[in-house]
Amino acid sequence: MPQATDLRKMFNIQPDPEAALVALAGNPNTGKSTIFNALTGLRQHTGNWPGKTVLQARGTFIFRGHKYILVDLPGTYSLLANSAEEIVARNFLCFARPDATVVVADATCLERNLNLVLQVMEITSRVIVCVNLMDEARRKNIFIDTECLARELGVPVVATAARSGQGVAELKAGIDDLVRGRIVPTPRRLVYDPEIEDALTRVEQQIPGEIKELFNARWLAMRILDNDRSTLDNIRQYLEPAEWGVLRERFKYCPT
Amino acid sequence: MEKILPLSELPTGQWGRVISLNARGMIRYRLLDLGLVPDTTVQAVRRGPLGDPIVYRIRGALIALRREEAGQVLVTPL
Ligand SMILES: Nc1nc2c(ncn2[C@@H]2O[C@H](COP(=O)(O)OP(=O)(O)O)[C@@H](O)[C@H]2O)c(=O)[nH]1
Ligand SMILES: [Mg+2]
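Those protein sequence lines, which keep their order, are chains A and B. Residue numbers are given in UniProt numbering: position 142 of the first sequence equals residue 142, and the series is strictly consecutive. Residue numbers are given in UniProt numbering: position 78 of the second sequence equals residue 78, and the series is strictly consecutive.
Honestly, the hints are just simulated from the structure, not real lab data. Glycine included, each C-beta is placed from N, C-alpha and C at the ideal position. Where hints are given, some of them may not hold.
Facing chain A, from chain B, some residues (calculated, C-beta under 8 Å) [what the hints assert, rightly or not]:
| # | residue |
| --- | --- |
| 1 | Y29 |
| 2 | R30 |
| 3 | G35 |
| 4 | P38 |
| 5 | D39 |
| 6 | R59 |
| 7 | G60 |
| 8 | L62 |
Here are the simulated distance ranges between beta carbons [what the hints assert, rightly or not]:
| # | chain 1 | residue 1 | chain 2 | residue 2 | range |
| --- | --- | --- | --- | --- | --- |
| 9 | B | P77 | A | K67 | 32 to 42 Å |
| 10 | A | D16 | B | T12 | 52 to 62 Å |
| 11 | A | D16 | B | R47 | 38 to 48 Å |
| 12 | B | I19 | A | R64 | 49 to 59 Å |
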């Protein structure tokens with residue numbers, strides 16, 4: 001398995017041992033770009049994601065003397081349906097392996113946003129949920145119990161109203177705490193029906209150790225069990241040929 | 001026995017509760033991502049001129065589904 005830093009280069013992220021990599025994920029229109037701007041100010045670049053016509057925004061910020069590289073992922077409702085946006089977001093989380101991922105959620109329709117939160121939590125445990133548009137929610141008499149949400153999800157939750165900058169300092173502090181290991185999230189794991197859990201365990205045991213070490217094996221096992229061909233074909237470019245060969249042999253997987 | 005019918009046959013204005021999905025692959029993911037998991041309540045809001053697409057209220061949002069997609073969701077009318 002290539003090192004995370006090598007893989008990061010495949011996403012236009014130059015290796016910088018001093019800097020932590022932070023991803024911003026979220027449904028469209030949740031205020032991701034507003035939060036991105038509030039965090040990075042003018043220190044940002046835009047371009048395209050390699051090989052895609054999807055816009056990539058990168059920026060940096062310094063907090064408590066530490067440098068952070070922030071990447072604004074395309075807005076998506078899911079990581080499984082395989083639009084160009086979803087492929088970009090999913091591959092980045094799986095292979096660039098950010099040191100923290102902020103999932104921005106809309107406080108006025110939180111339920112709709114939790115699908116993506118849970119999907120991100122299945123890929124990485126280094127998640128912080130940012131419930132944005134709190135001012136809009138208040139206007140609509142929607143009250144969000146962020147402490148309860150954090151308890152239920154097992155990850156930190158920060159409330160923001162990014163357009164007026166409210167909560168942005170707390171978000172920075174939360175990211176810093178997560179990256180420095182002062183907060184260790186314990187994301188609630190979705191437990192499937194016993195037959196599925198059994199099958200997942202068996203598939204997971206068959207995944208080669210080198211891949212398991214650096215890659216979320218449970219998530220990969222789920223995709224294999226799903227026979228999610230487009231995802232599997234897609235992750236091939238991030239694996240060494242030998243590793244891919246082992247997977248292919250073990251699971252009798254024939255690329256499309 | 002509860003009456004079960006495809007979501008595409010749910011009369012306009014009527015609410016139903018999702019029983020199961022017949023879809024597989026990408027369509028299944030798309031329907032699940034829209035929030036159409038078992039026990040979700042959904043309302044048929046209006047139909048396009050040729051009965052396709054059909055607009056549904058799902059978890060507070062109005063969402064248009066092609067008849068073919070809605071036909072793969074089984075509901076019981078409420
Ligand atoms: N009232 C309010 N509006 C916001 C907030 N955050 C973002 N917006 C507005 O919501 C719209 C979408 O924001 P944007 O950052 O482009 O969302 P994105 O699609 O997730 O990147 C813009 O008009 C923002 O000004 C907020 O916390 N409160
Ligand atoms: Mg944006």
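Hints versus structure:
1. For Y29/B, the suggested interface contact is upheld, since its CB lies about 5 Å from the closest CB of chain A, less than 8 Å.
2. The closest approach between the C-beta of R30/B and any C-beta of chain A is roughly 5 Å, which is under the 8 Å cut-off, so the hint is satisfied.
3. The closest approach between the C-beta of G35/B and any C-beta of chain A is roughly 7 Å, which is under the 8 Å cut-off, so the hint is satisfied.
4. Evaluation of the P38/B hint against chain A yields a violated restraint, the C-beta minimum of about 12 Å exceeding 8 Å.
5. About 13 Å separates the beta-carbon of D39/B from the nearest beta-carbon of chain A, more than 8 Å, and the hint is not met.
6. This hint holds: R59/B has a C-beta 6 Å from the nearest C-beta of chain A, less than the 8 Å allowed.
7. A cut of 8 Å between beta carbons decides the hint on G60/B: the least distance to chain A is about 6 Å, and the hint holds.
8. For L62/B, the shortest C-beta to C-beta distance to chain A is roughly 12 Å, which exceeds 8 Å, and the interface hint is violated.
9. Taking the beta carbon of each, P77/B and K67/A are about 58 Å apart, not inside 32 to 42 Å as hinted.
10. Between D16/A and T12/B the beta carbons are some 57 Å apart, a value that agrees with the proposed interval 52 to 62 Å.
11. The hint said 38 to 48 Å for the Cβ distance between D16/A and R47/B, and at roughly 55 Å that hint is violated.
12. Hint check: I19/B to R64/A, Cβ distance near 52 Å, so the stated range 49 to 59 Å holds.
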